[in-house]
Amino acid sequence: MLRFVIHRFLLMIPTLVGVAVIIFLLLRVIPGDVVEAKFMSGEGSGVSAEVLQAERARLGLDKPVWEQFAIWFWGVLKFDFGISMWTGGPISEEIELRFALSLQVALMATIVATLLALPLGIIAALKQDTWVDYAVRIFSIAGLAMPSFWLGILMILGFLIIFEWLPPMIYTPFWVDPWQNMLQLIWPALAVGYRYSAVATRMTRSSMLEVLREDYIRTARAKGLWLKLILVRHALKNAMLPVVTVIGLEFAFLLGGLVVTEQVFNLNGLGLLFVQAISRRDYTLTQALVLLVAAAFIFVNFAMDVMYAWLDPRIRYR
Amino acid sequence: MNERTAPAPDLLLDVRDLHTEFATSNGIVRAVDGVSWDVRAGETVALVGESGCGKSVSALSIMGLISKPAGRITGGQILFKGSDLLKRSEEEMRKIRGREIAMVFQEPMTSLNPVLTVGRQITEACEIHLGHTPEQAHARAVEVLGLVGIADAERRLKQYPHQFSGGMRQRLMIAIALSCEPALILADEPTTALDVTIQAQILDLMKDLSRRLGVATLIITHNLGVVARYADRVNVMYAGKIVERGTAREIYASPRHPYTLGLLRSVPRLDEPKRERLAPIQGQPPDLTRLPPGCSFRPRCGYAVERCAEEVPPLERVAGTQHSACWEKDKLPVRAAKPEKVPA
Numbered sequence: 001m002l003r004f005v006i007h008r009f010l011l012m013i014p015t016l017v018g019v020a021v022i023i024f025l026l027l028r029v030i031p032g033d034v035v036e037a038k039f040m041s042g043e044g045s046g047v048s049a050e051v052l053q054a055e056r057a058r059l060g061l062d063k064p065v066w067e068q069f070a071i072w073f074w075g076v077l078k079f080d081f082g083i084s085m086w087t088g089g090p091i092s093e094e095i096e097l098r099f100a101l102s103l104q105v106a107l108m109a110t111i112v113a114t115l116l117a118l119p120l121g122i123i124a125a126l127k128q129d130t131w132v133d134y135a136v137r138i139f140s141i142a143g144l145a146m147p148s149f150w151l152g153i154l155m156i157l158g159f160l161i162i163f164e165w166l167p168p169m170i171y172t173p174f175w176v177d178p179w180q181n182m183l184q185l186i187w188p189a190l191a192v193g194y195r196y197s198a199v200a201t202r203m204t205r206s207s208m209l210e211v212l213r214e215d216y217i218r219t220a221r222a223k224g225l226w227l228k229l230i231l232v233r234h235a236l237k238n239a240m241l242p243v244v245t246v247i248g249l250e251f252a253f254l255l256g257g258l259v260v261t262e263q264v265f266n267l268n269g270l271g272l273l274f275v276q277a278i279s280r281r282d283y284t285l286t287q288a289l290v291l292l293v294a295a296a297f298i299f300v301n302f303a304m305d306v307m308y309a310w311l312d313p314r315i316r317y318r
Numbered sequence: 001m002n003e004r005t006a007p008a009p010d011l012l013l014d015v016r017d018l019h020t021e022f023a024t025s026n027g028i029v030r031a032v033d034g035v036s037w038d039v040r041a042g043e044t045v046a047l048v049g050e051s052g053c054g055k056s057v058s059a060l061s062i063m064g065l066i067s068k069p070a071g072r073i074t075g076g077q078i079l080f081k082g083s084d085l086l087k088r089s090e091e092e093m094r095k096i097r098g099r100e101i102a103m104v105f106q107e108p109m110t111s112l113n114p115v116l117t118v119g120r121q122i123t124e125a126c127e128i129h130l131g132h133t134p135e136q137a138h139a140r141a142v143e144v145l146g147l148v149g150i151a152d153a154e155r156r157l158k159q160y161p162h163q164f165s166g167g168m169r170q171r172l173m174i175a176i177a178l179s180c181e182p183a184l185i186l187a188d189e190p191t192t193a194l195d196v197t198i199q200a201q202i203l204d205l206m207k208d209l210s211r212r213l214g215v216a217t218l219i220i221t222h223n224l225g226v227v228a229r230y231a232d233r234v235n236v237m238y239a240g241k242i243v244e245r246g247t248a249r250e251i252y253a254s255p256r257h258p259y260t261l262g263l264l265r266s267v268p269r270l271d272e273p274k275r276e277r278l279a280p281i282q283g284q285p286p287d288l289t290r291l292p293p294g295c296s297f298r299p300r301c302g303y304a305v306e307r308c309a310e311e312v313p314p315l316e317r318v319a320g321t322q323h324s325a326c327w328e329k330d331k332l333p334v335r336a337a338k339p340e341k342v343p344a
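Those protein sequence lines, which keep their order, are chains G and S.
1 is the number of the first residue of the first sequence in the working numbering; add one for each residue after it.
1 is the number of the first residue of the second sequence in the working numbering; add one for each residue after it.
The hints are simulated quantities; they were obtained by calculation from the structure and are not laboratory data.
Please note that the accuracy of each hint is not assured.
As the list claims (entries may be wrong) - Anything over 12 Å on all C-beta distances counts as not near chain G; from chain S, calculated:
#: 1; residue: Ile28
#: 2; residue: Glu50
#: 3; residue: Gly75
#: 4; residue: Lys95
#: 5; residue: Pro108
#: 6; residue: Gly146
#: 7; residue: Ala151
#: 8; residue: Asp195
#: 9; residue: Arg290
#: 10; residue: Thr321
Unchecked claim - Straight-line alpha carbon distances no greater than 25 Å define the calculated DSS-like cross-link-like pairs of lysine-lysine that follow:
#: 11; chain 1: S; residue 1: Lys81; chain 2: S; residue 2: Lys95
#: 12; chain 1: G; residue 1: Lys63; chain 2: G; residue 2: Lys38
#: 13; chain 1: G; residue 1: Lys228; chain 2: S; residue 2: Lys329
#: 14; chain 1: G; residue 1: Lys127; chain 2: S; residue 2: Lys95
#: 15; chain 1: G; residue 1: Lys237; chain 2: G; residue 2: Lys127
#: 16; chain 1: S; residue 1: Lys95; chain 2: S; residue 2: Lys68
#: 17; chain 1: S; residue 1: Lys87; chain 2: S; residue 2: Lys68
#: 18; chain 1: S; residue 1: Lys207; chain 2: S; residue 2: Lys81
#: 19; chain 1: S; residue 1: Lys331; chain 2: G; residue 2: Lys228
#: 20; chain 1: G; residue 1: Lys127; chain 2: S; residue 2: Lys68
#: 21; chain 1: G; residue 1: Lys237; chain 2: S; residue 2: Lys158
#: 22; chain 1: G; residue 1: Lys63; chain 2: G; residue 2: Lys78
#: 23; chain 1: G; residue 1: Lys228; chain 2: S; residue 2: Lys207
#: 24; chain 1: G; residue 1: Lys228; chain 2: S; residue 2: Lys81
#: 25; chain 1: G; residue 1: Lys127; chain 2: G; residue 2: Lys228
These figures come from a predicted structure and were not determined experimentally.
Glycine is no exception: its CB is placed at the ideal position from the N, C-alpha and C atoms.
Start from the sequences and build out the full structure, keeping to the hints where you can.
Printed below as a string of structure tokens:
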């Protein structure tokens with residue numbers, strides 16, 4: 001098991017290096033650069049070519065691409081992501097709070113989704129083709145059909161109209177005031193988590209149905225085990241493999257992909273920062289963000305691999 | 001239905017006029033259609049027949065594991081130690097499963113849970129039925145692994161099913177079945193999925209354990225060779241009904257039903273001169289949703305007469321303990337053979 005974990009862990013490194021190279025090159029292929037975006041947006045005139053050139057030189061953009069990459073990558077190795085080409089502030093500062101916020105929302109949404117999906121999926125599978133199953137399926141299809149930003153708007157309007165109350169709209173970090181923080185973030189977590197639970201519920205249901213038909217479940221019943229024990233010990237562990245995949249990938253996606261929902265709840269998270277960074281051609285910031293989200297994806301994949309191995313000994317012993 | 005008097009004292013399991021049906025999209029399937037048979041304490045009884053004749057459904061009916069709501073038992077009695085299992089609640093049945101009646105399944109590759117250690121899968125029944133502590137259950141697991149001939153028990157118990165071969169897994173299934181010292185083991189095609197050489201080992205093991213521990217065994221099989229060597233008594237099933245019954249010796253010496261005769265002719269034998277080819281039974285097992293009137297075997301039978309198309313032949317005594325459900329049972333060709341020499 002330990003060897004497996006170390007092996008998988010080391011495999012993360014080449015993947016991350018690959019991501020770094022690709023994002024660096026891709027950004028340079030996109031037409032326009034940060035200097036043009038800064039000086040030529042809107043009116044698009046009044047700035048001489050020399051000024052642009054001087055600005056490029058200041059940012060190091062006049063150097064050959066390989067040299068720019070070497071400088072940047074050396075910094076990344078030392079966890080120094082440089083300064084934002086747009087604001088001039090250190091990137092770690094730009095990202096820090098927003099990452100904390102997005103990570104917290106993603107974690108909370110994942111917890112909400114898991115707490116909804118597992119019980120609902122299991123009960124739907126057990127009561128297959130009864131009204132319980134249909135109710136769960138309608139609930140989860142509704143979740144799929146409603147975009148979470150729209151659900152978010154409904155929530156806010158609902159609070160406003162029915163309770164004449166608004167959740168806090170200014171972000172308070174958890175370590176400053178946990179109560180205020182939760183009061184703000186629980187709503188986006190619910191809105192996102194509900195939608196996210198829909199896929200996981202259906203996956204749990206179908207996976208559970210499949211497992212419940214397995215021969216070893218019949219064996220467990222023939223042993224005279226309690227139904228609960230059969231479910232928890234014999235069925236759940238087997239049924240969890242595909243569910244872990246869905247939940248893990250969705251979690252990684254939530255870290256960077258919640259642009260509109262963040263807007264609805266007035267959250268200044270990674271999603272908005274991402275959009276801004278790209279439209280401003282802020283190379284260093286975009287690179288850092290992509291690398292961060294890629295690292296999160298890769299780490300979640302690693303965690304899922306370890307989870308698989310823990311769930312299924314056949315993977316562990318290969 | 002008519003209530004009979006108390007069963008003979010040594011009857012462990014007495015199945016009377018059992019009916020099990022399944023609702024399918026093509027109509028009602030009478031998988032088990034009025035079947036009666038019994039098992040005495042410590043003896044080995046065989047239920048023989050082709051796929052889909054109702055053998056496995058019979059076993060699952062006894063265990064109360066017929067999949068609901070499609071399948072249901074519509075009539076009859078299953079008397080175990082004198083009391084009717086069909087009248088028990090689900091919770092009472094749970095206490096009987098694994099404790100009093102254990103089951104060994106056909107597919108050892110898929111019948112063990114791949115994500116649990118073998119030890120966990122053996123000990124859990126003892127913990128639940130006998131109230132064993134984990135230590136006691138572990139000791140019992142080591143003991144039963146010894147019984148089924150798996151060496152190095154301490155290490156093996158920590159392993160997972162995929163680390164065992166097919167034959168070893170079937171030994172594990174038998175170990176699980178034995179763990180709570182049941183009175184009866186239902187073995188549903190225990191060797192069908194195994195290599196021929198391993199089949200004999202597993203059957204020898206089951207026979208030996210049955211003798212040593214006094215566990216009664218019901219072997220469900222389609223292989224009459226198996227029956228010859230390991231069963232005391234045989235019930236031959238066809239299309240949900242028992243068509244012939246008797247001791248293994250009687251059935252081998254002189255089968256009195258064309259279906260049994262056909263089954264015997266389709267098994268290769270070493271004690272007879274080599275024939276050019278085996279004689280398979282012609283045709284397919286019947287569609288249970290639309291059985292022909294009269295005898296179900298008639299369309300495939302070489303001895304059928306007019307009466308077979310009209311009336312269902314009853315199961316009647318031929319000689320000794322042998323019974324046959326055939327109108328022509330006295331006119332069938334005699335087939336002499338010693339059961340001991342039929343290869344497994």
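**OP:** Please write out, lowest number first, the hints stated earlier that are contradicted by the structure.
**Re:** The structure breaks hints 4, 5, 13, 19, 23 and 24; every other hint is satisfied.
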